[in-house]
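2 protein chains.
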Amino acid sequence: MSDRFSFAVTARDGAARSGVISTPRGEVRTPAFMPVGTAATVKAMLPESVAATGADILLGNTYHLMLRPTAERIARLGGLHAFMNWQRPILTDSGGFQVMSLAALRKMSEEGVRFKSHIDGSEHHLTPERSMEIQRLLGSDIVMAFDECPALPATDEVVAASMRRSMRWAARSREAFGQRPGHALFGIMQGGVTRELREESAAALCEIGFDGYAVGGLAVGEGQEAMFSVLDYAPGLLPADRPRYLMGVGKPDDIVGAVERGIDMMDCVLPSRSGRTGQAWTRRGQVNIKNARHMDDPRPLDADCTCPACRSYSRAYLHHVFRAQEIIASMLLTWHNLHYYQDLMAGLRAAIAAGQLAAFVTDFHALRAEGDIEPL
Amino acid sequence: MSDRFSFAVTARDGAARSGVISTPRGEVRTPAFMPVGTAATVKAMLPESVAATGADILLGNTYHLMLRPTAERIARLGGLHAFMNWQRPILTDSGGFQVMSLAALRKMSEEGVRFKSHIDGSEHHLTPERSMEIQRLLGSDIVMAFDECPALPATDEVVAASMRRSMRWAARSREAFGQRPGHALFGIMQGGVTRELREESAAALCEIGFDGYAVGGLAVGEGQEAMFSVLDYAPGLLPADRPRYLMGVGKPDDIVGAVERGIDMMDCVLPSRSGRTGQAWTRRGQVNIKNARHMDDPRPLDADCTCPACRSYSRAYLHHVFRAQEIIASMLLTWHNLHYYQDLMAGLRAAIAAGQLAAFVTDFHALRAEGDIEPL
Chain U
15 MSDRFSFAVT ARDGAARSGV ISTPRGEVRT PAFMPVGTAA TVKAMLPESV
65 AATGADILLG NTYHLMLRPT AERIARLGGL HAFMNWQRPI LTDSGGFQVM
115 SLAALRKMSE EGVRFKSHID GSEHHLTPER SMEIQRLLGS DIVMAFDECP
165 ALPATDEVVA ASMRRSMRWA ARSREAFGQR PGHALFGIMQ GGVTRELREE
215 SAAALCEIGF DGYAVGGLAV GEGQEAMFSV LDYAPGLLPA DRPRYLMGVG
265 KPDDIVGAVE RGIDMMDCVL PSRSGRTGQA WTRRGQVNIK NARHMDDPRP
315 LDADCTCPAC RSYSRAYLHH VFRAQEIIAS MLLTWHNLHY YQDLMAGLRA
365 AIAAGQLAAF VTDFHALRAE GDIEPL
Chain D
15 MSDRFSFAVT ARDGAARSGV ISTPRGEVRT PAFMPVGTAA TVKAMLPESV
65 AATGADILLG NTYHLMLRPT AERIARLGGL HAFMNWQRPI LTDSGGFQVM
115 SLAALRKMSE EGVRFKSHID GSEHHLTPER SMEIQRLLGS DIVMAFDECP
165 ALPATDEVVA ASMRRSMRWA ARSREAFGQR PGHALFGIMQ GGVTRELREE
215 SAAALCEIGF DGYAVGGLAV GEGQEAMFSV LDYAPGLLPA DRPRYLMGVG
265 KPDDIVGAVE RGIDMMDCVL PSRSGRTGQA WTRRGQVNIK NARHMDDPRP
315 LDADCTCPAC RSYSRAYLHH VFRAQEIIAS MLLTWHNLHY YQDLMAGLRA
365 AIAAGQLAAF VTDFHALRAE GDIEPL
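Note that the protein sequences, when read in sequence, are chains U and D. Going by our numbering, the first residue of the first sequence is number 15, and it counts up by one from there. Going by our numbering, the first residue of the second sequence is number 15, and it counts up by one from there.
Mixed in with the good hints, there may be bad ones.
Listed next, the in silico SDA-like pairs over lysine to any residue satisfying Cα-Cα at most 25 Å (straight line) [stated by the list, open to error]: (1) K304/D to E340/U; (2) K130/U to E340/D; (3) K121/U to P164/U.
Listed below are several chain D residues computed to face chain U (Cβ distance under 7 Å; list not exhaustive) [unchecked claim]: (4) P83; (5) S326; (6) E340.
Calculated from the structure, these hints are not laboratory results. Ideal Cβ positions, reconstructed from N, Cα and C, are used throughout, including at glycine.
Using the sequences provided together with the hints, build the complete structure.
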């Protein structure tokens with residue numbers, strides 16, 4: 015293991031690349047999908063099971079953790095890794111995005127955001143400096159700069175003003191982060207779907223200098239086509255020797271499209287959240303296990319999947335435990351979905367390494383187009 | 015493994031005994047505690063985790079399974095063991111007790127019970143013959159005779175009439191069960207807290223002849239003292255060479271008292287249900303993990319426990335995930351509780367084998383009397 019944070023691209027195929035992020039807590043194979051462990055747990059999973067799916071790194075949410083159990087408490091208890099029993103790398107978001115989507119009575123200023131907790135109404139002030147402090151207390155391996163993410167659609171004026179504030183906050187984040195060997199700070203590009211603003215944002219971030227760069231402000235309602243149109247040029251605006259992270263993405267076909275366009279890291283609650291609502295992701299697309307067609311089906315979700323849900327249970331069983339609202343339903347489907355996502359990432363990495371990404375993507379779409387296996 | 019059902023007592027200490035039940039699906043070390051897998055799952059646990067706690071056998075609920083997903087469906091899918099991914103022995107109850115406690119619009123007759131499902135209002139008829147058929151369809155290794163269990167307190171007249179009907183149903187159950195090598199049928203003693211009725215019931219069951227015998231009609235509100243007063247003589251009314259099963263018991267001190275009095279098998283939802291409500295059972299008694307005293311406590315629930323919850327997590331973490339209503343809270347606490355129960359059974363078995371049960375029981379009560387560790 016490295017005692018410093020570093021990134022090495024080991025293969026390229028078109029705009030796509032595969033590589034390795036090295037940290038003192040272990041390596042992250044890229045392109046990487048990061049399961050989300052919002053409140054110090056990936057919902058319905060034990061951390062050893064998350065690791066068994068192939069995940070190298072988790073995402074933790076600063077907003078949730080600062081409110082409960084609080085960053086100071088986690089620090090006293092030895093940091094987030096020890097607290098939640100996950101010894102591999104952790105990336106934490108800055109809290110900015112979730113303050114805007116979850117907190118009550120938000121009041122923005124140049125200084126930061128004042129808001130009330132959605133849990134107990136307590137008042138908090140989140141600034142670039144406070145976000146850096148919280149992420150340091152948590153012991154995060156990859157720290158995200160504090161930014162503002164405007165909801166789309168918005169006028170260019172609104173998007174530009176917000177982006178420029180985020181760039182000022184990025185500079186304050188960099189200053190507050192200081193020097194922390196073995197820990198990385200990522201800047202976040204904003205600018206909506208407007209190329210000139212994305213270019214301005216990228217230039218501002220590169221001027222400040224970060225260990226990695228995120229493409230923020232996407233997957234917020236603009237649609238896949240608009241997102242891909244930004245990803246057609248945005249990764250190329252960022253330094254080629256640093257990891258590029260697309261925040262909050264996404265569905266399997268979003269992920270494939272993002273990797274094709276040069277993205278190295280992603281996170282999304284989708285596989286875990288879907289697992290709790292009976293939606294399974296397979297190589298053939300989406301399966302709603304609550305559907306009556308599965309009631310008598312002795313076949314696994316995916317005969318070729320090696321996750322525990324597919325190895326040991328029938329669709330009929332998964333259907334039954336969902337209908338009966340049993341906790342094991344969330345446990346098994348979440349496991350399957352996270353396993354599927356990690357399998358997809360492994361497939362993408364192998365295809366890039368072999369220079370076969372185009373064929374992999376063609377097969378990916380072809381099998382999905384066939385759809386789920388026929389009912390018996 | 016045996017291809018037949020058999021029971022061997024291997025050690026005695028006072029009225030207590032330890033031994034082994036052999037079945038084609040594996041051995042059950044007695045005294046045994048059976049976790050309850052109501053709807054084809056031990057709630058919040060994967061079956062391999064249940065096995066890891068030391069459980070040799072599970073209990074399945076005929077009432078729940080006949081309604082959803084139905085016994086016929088489970089049979090088509092290969093039986094309950096395959097359906098729920100538990101290859102070790104399964105005991106199923108007869109449905110009689112839960113019809114009385116859960117179903118709507120119950121109508122009792124000499125024939126059986128007509129009732130409406132609490133799930134969808136559908137009408138069903140449960141009789142000794144239908145109960146035997148359902149338990150055969152499920153593939154249960156230990157089948158329970160269909161009985162009626164009156165709520166206590168009740169007059170001797172009511173208890174006697176109910177017990178005599180249960181004995182007629184026991185004979186019908188025996189007849190309907192027929193010969194099924196490798197599968198066992200247990201009769202159920204009734205008679206409330208009245209010795210003469212218990213004696214009459216035991217004689218009736220022995221006359222019919224069963225592979226094992228349950229003490230039914232206890233743990234229904236009579237209190238531990240009344241229960242133990244029955245257990246002081248009831249096991250002695252049953253054949254010494256057959257397993258004796260106390261249904262629906264219980265708290266750890268109920269279990270210890272029952273084993274001291276000659277009981278070989280027990281089941282209860284308590285460890286799993288408690289796990290989902292934040293109640294942990296430890297050698298020092300009960301711990302309410304939701305209590306604020308645990309909020310900053312870096313210590314495990316029980317430093318000497320080897321379950322995953324105690325090995326890898328602090329009380330502070332368990333408190334946090336309960337407060338945050340995370341599924342992992344139910345997963346970890348259920349695991350701990352089932353592990354504690356199985357540890358207790360292992361301790362009882364070892365103590366009986368060593369002729370040291372009295373000392374074990376003294377230590378058991380002494381540590382519980384000390385109570386939980388002091389707050390920090």
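Against the structure, the hints come out as follows:
1. K304/D to E340/U: Holds, because 22 Å separates the two Cα atoms, which is no more than 25 Å.
2. K130/U to E340/D: Roughly 22 Å separates the two Cα atoms, so the pair holds.
3. K121/U to P164/U: holds (14 Å)
4. P83: Hint holds; P83/D Cβ to chain U Cβ min 4 Å, cut 7 Å.
5. S326: At about 4 Å, which falls below the 7 Å cut-off, the nearest Cβ of chain U leaves the hint on S326/D intact, so it holds.
6. E340: holds (5 Å)
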